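Chemist: Take a look at the letters that make up each chain.
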Amino acid sequence: TLRLICTTTAVQKRNVGASGPEKYTEAFIKKQIEEFNLGKRHLANMMGEDPETFTQEDIDRAIAYLFPSGLFDKQARPLMKHPTEVFPEQRKIQWGEDGRPFHFLFYTGKQSYYSLMHETYEKFLNVQKHQDQLTAQGLPLQKEKRNLAGSRWLTKIELEEMLLEKVSDDDYSRFIQLLQKLVALPCADIEEKYIQKFSKEVSVQLQKVVIEPLQHDERGVAFSTGEGKRKTARATAVVYDNGTGKITVNGIDILHYFPVLQDREQLLFPFQFLGRIGKHDMVCTVSGGGRSAQAGAIRLASAKALRSFVTEKEVEFMRQAGLLTVDPRVKERKKPGQEGPRRKFTWKKR
Amino acid sequence: DDRLLTEPLSHPDFFSVKELFTLKDLFDARVHLGHKKGCRHRFMEPYIFGCRLDQDIIDLDQTMQHLQLALNFTAHVAYRGGIILFVSRRRQFCHLVEGTARACGEYAHTRYWQGGLLTNAHIQFGPGVRLPDLLVFLSTLNNVFEPHVAIRDAAKMNIPTVGVVDTNCNPCLITYPIPGNDDSPAAMELYCRLFRMTIIRAKDKRRQSEAVEELQ
Numbered sequence: 018t019l020r021l022i023c024t025t026t027a028v029q030k031r032n033v034g035a036s037g038p039e040k041y042t043e044a045f046i047k048k049q050i051e052e053f054n055l056g057k058r059h060l061a062n063m064m065g066e067d068p069e070t071f072t073q074e075d076i077d078r079a080i081a082y083l084f085p086s087g088l089f090d091k092q093a094r095p096l097m098k099h100p101t102e103v104f105p106e107q108r109k110i111q112w113g114e115d116g117r118p119f120h121f122l123f124y125t126g127k128q129s130y131y132s133l134m135h136e137t138y139e140k141f142l143n144v145q146k147h148q149d150q151l152t153a154q155g156l157p158l159q160k161e162k163r164n165l166a167g168s169r170w171l172t173k174i175e176l177e178e179m180l181l182e183k184v185s186d187d188d189y190s191r192f193i194q195l196l197q198k199l200v201a202l203p204c205a206d207i208e209e210k211y212i213q214k215f216s217k218e219v220s221v222q223l224q225k226v227v228i229e230p231l232q233h234d235e236r237g238v239a240f241s242t243g244e245g246k247r248k249t250a251r252a253t254a255v256v257y258d259n260g261t262g263k264i265t266v267n268g269i270d271i272l273h274y275f276p277v278l279q280d281r282e283q284l285l286f287p288f289q290f291l292g293r294i295g296k297h298d299m300v301c302t303v304s305g306g307g308r309s310a311q312a313g314a315i316r317l318a319s320a321k322a323l324r325s326f327v328t329e330k331e332v333e334f335m336r337q338a339g340l341l342t343v344d345p346r347v348k349e350r351k352k353p354g355q356e357g358p359r360r361k362f363t364w365k366k367r
Numbered sequence: 028d029d030r031l032l033t034e035p036l037s038h039p040d041f042f043s044v045k046e047l048f049t050l051k052d053l054f055d056a057r058v059h060l061g062h063k064k065g066c067r068h069r070f071m072e073p074y075i076f077g078c079r080l081d082q083d084i085i086d087l088d089q090t091m092q093h094l095q096l097a098l099n100f101t102a103h104v105a106y107r108g109g110i111i112l113f114v115s116r117r118r119q120f121c122h123l124v125e126g127t128a129r130a131c132g133e134y135a136h137t138r139y140w141q142g143g144l145l146t147n148a149h150i151q152f153g154p155g156v157r158l159p160d161l162l163v164f165l166s167t168l169n170n171v172f173e174p175h176v177a178i179r180d181a182a183k184m185n186i187p188t189v190g191v192v193d194t195n196c197n198p199c200l201i202t203y204p205i206p207g208n209d210d211s212p213a214a215m216e217l218y219c220r221l222f223r224m225t226i227i228r229a230k231d232k233r234r235q236s237e238a239v240e241e242l243q
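Protein chains in written order, with my numbering: chain R, 18 to 367; chain B, 28 to 243.
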């Protein structure tokens, strides 16, 4: 390398940051593991426990006791974990003493990715050969359809973790295309085990809301409970069967608790929708929020409670009417430099 | 140890490479078929035997000589424990070439060639890399029908090259060109088989000689 004479020493210094993240040698990691094990035994001694049966949870508890920290971020607090969890997995030196690399595709740069492509292509050729053999013998090709809906391919990040090297978007899409081609062949069942390494199960979870059954109190009357919220108000409602249409809020009758007609209409809306105005009694408790918010919360709670009394079709009607949806609207925060959440200060030309 | 290295150099054909192939083998593998007259490269004219119905025919006698020199050279490199890198940018034969390299215990590169692989190796791979001692091109052109970048890079880094040059290729910078067909599967399989056999032979001979030396 050429050495410039008439420059400062700062220019000639090696750019340490440009060499990438710090590479940890195998010897360094081994030393760290020994130190960790020794430290674990010392810690067990300090806490008065048995060094042989000192698990990771005990270590965490001991550290939290000895070094109490009020920091908010859990990851910023003092930590004592096994070095393999602390130091990221890295590739060791790829060549032996005589300089010959270990992997036959080392000189391509992306050896794990290209060796993966090579293996997958080999499986592809195997399947084609098997197919040709079957057609030569005249036997029919198996056509068991793989369940494509319940599985997905590995994501790019998962593939990067598997190969321990960076994979570009083009490379990833090429690999997925090759896998799809392999799966599309009729006799791909032979290489099922290999393909399963790269596909993941996606459990189709139907989020079905469980409607609770009716409960009966001492007198034998059927009732059910529901919870609702709106803005900052939280409400619980208990709806009783065989009633006269009396509604009590926090021990007070609704005529006294909600003087405004609009709020009382909101409370009665679920019953009016189902046509059960005079048939149910309701006792509710509500806290927080304002007049309108409490009314909305009780409405949601009573609609949820009424689901147990009613057929599934009517539940679907209620859902479509918007009686069972939580209203997500809350007060928007004020921003600095503005007078309110949206209103800006008056603009003066001069 | 000195004797191990200097003894093979005194013989013209220490590894008896000539008996691996005959002219008939080359003809059966369709090695003599070149491209059309319009695709002909100016520097390939000395290697061309003639032209039939607009298709160039490569002179197999010259091919025999060049092939013998090239195989002899690869055998000597493998005998001395050198790193051999097989390069080819033909998508049809990528799997075959990688398989051959694996069987020999040598290395292959049949994928996209990143610019600084040879010239910028210490930064791409890490300090202390050993570069290949021989580059074997099973097809000198890349996918855009231009000369492969590795030929120029190897010439820059003083790495000898062995390459199969077709009638549309430039044989200038290659140290041991082998005029021959690089398009048909039969020809490629023949080349792979020949290189594999020479390298395995050379390595076996090295191990035998070392064992004999140790006994003495």
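Since the hints were derived computationally from the structure, they do not count as laboratory data. The model shown is predicted, which means the values in this text are computed figures rather than measured ones. Here a beta-carbon is modelled for each residue, glycine too, at the ideal position from N, C-alpha and C. It is possible that part of the hints are untrue.
[What the hints assert, rightly or not] Some chain R residues well away from chain B (every beta-carbon gap over 10 angstroms; in silico): (1) Leu83; (2) Ile110; (3) Gln111; (4) Leu142; (5) Asp186; (6) Thr302; (7) Leu341; (8) Lys348.
[Said to hold, decoys possible] Which residues of chain B face chain R? A partial, calculated answer using Cβ under 7 angstroms: (9) Leu112; (10) His122; (11) Glu125; (12) Arg129.
[To be verified] Computed cross-link-like contacts, SDA-like style, restricted to lysine to any residue with a CA-CA straight-line distance of at most 25 angstroms: (13) Lys109/R x Asp160/B; (14) Lys183/R x Val176/B; (15) Lys198/R x Cys121/B; (16) Lys140/R x Gln119/B; (17) Lys183/R x Glu72/B; (18) Lys232/B x Glu72/B; (19) Lys246/R x Lys109/R; (20) Lys51/B x Asp40/B; (21) Lys127/R x Asn169/B; (22) Lys230/B x Pro118/R; (23) Lys127/R x Leu158/B; (24) Lys263/R x Lys225/R; (25) Lys51/B x Glu72/B; (26) Lys109/R x Glu72/B; (27) Lys127/R x Glu173/B; (28) Lys109/R x Lys232/B; (29) Lys183/R x Lys230/B.
Chemist: For every hint, state whether the structure bears it out.
Modeler: Now for the hints, and whether the structure bears them out:
1. Leu83: At about 41 angstroms from chain B, Leu83/R clears the 10 angstroms cut-off, so the statement holds.
2. Ile110: The claim is violated: Ile110/R sits with its nearest Cβ about 7 angstroms from chain B, within 10 angstroms.
3. Gln111: Since the minimum Cβ distance to chain B is about 8 angstroms, Gln111/R lies within 10 angstroms and the statement is violated.
4. Leu142: violated, 7 angstroms
5. Asp186: holds, 14 angstroms
6. Thr302: The claim stands: Thr302/R keeps its Cβ more than 10 angstroms from every Cβ of chain B (closest is about 69 angstroms).
7. Leu341: Leu341/R is indeed farther than 10 angstroms from all Cβ atoms of chain B, at 57 angstroms.
8. Lys348: holds, 56 angstroms
9. Leu112: This interface hint holds because 6 angstroms falls under the 7 angstroms limit.
10. His122: holds, 6 angstroms
11. Glu125: holds, 5 angstroms
12. Arg129: holds, 5 angstroms
13. Lys109/R x Asp160/B: Roughly 24 angstroms between the alpha carbons, so the hint for Lys109/R and Asp160/B holds.
14. Lys183/R x Val176/B: OK: Lys183/R and Val176/B at ~24 angstroms, within 25 angstroms.
15. Lys198/R x Cys121/B: Given that 25 angstroms is the threshold and the Cα spacing comes to 18 angstroms, the pair holds.
16. Lys140/R x Gln119/B: holds, 16 angstroms
17. Lys183/R x Glu72/B: Between Lys183/R and Glu72/B the Cα gap is close to 46 angstroms, so the pair fails against 25 angstroms, i.e. violated.
18. Lys232/B x Glu72/B: violated, 38 angstroms
19. Lys246/R x Lys109/R: The given pair, whose Cα atoms are some 57 angstroms apart, is violated under the 25 angstroms limit.
20. Lys51/B x Asp40/B: holds, 21 angstroms
21. Lys127/R x Asn169/B: Distance ~19 angstroms between Lys127/R and Asn169/B Cα, so the pair holds.
22. Lys230/B x Pro118/R: OK: Lys230/B and Pro118/R at ~17 angstroms, within 25 angstroms.
23. Lys127/R x Leu158/B: holds, 16 angstroms
24. Lys263/R x Lys225/R: violated, 32 angstroms
25. Lys51/B x Glu72/B: Answer holds: Lys51/B to Glu72/B is near 23 angstroms, not above 25 angstroms.
26. Lys109/R x Glu72/B: violated, 50 angstroms
27. Lys127/R x Glu173/B: With a Cα-Cα distance of about 24 angstroms, the restraint between Lys127/R and Glu173/B holds, given a limit of 25 angstroms.
28. Lys109/R x Lys232/B: violated, 33 angstroms
29. Lys183/R x Lys230/B: Outside the cut-off at roughly 35 angstroms; violated.
In this structure, the earlier hints numbered 2, 3, 4, 17, 18, 19, 24, 26, 28, 29 are contradicted, and the remaining ones agree with it.
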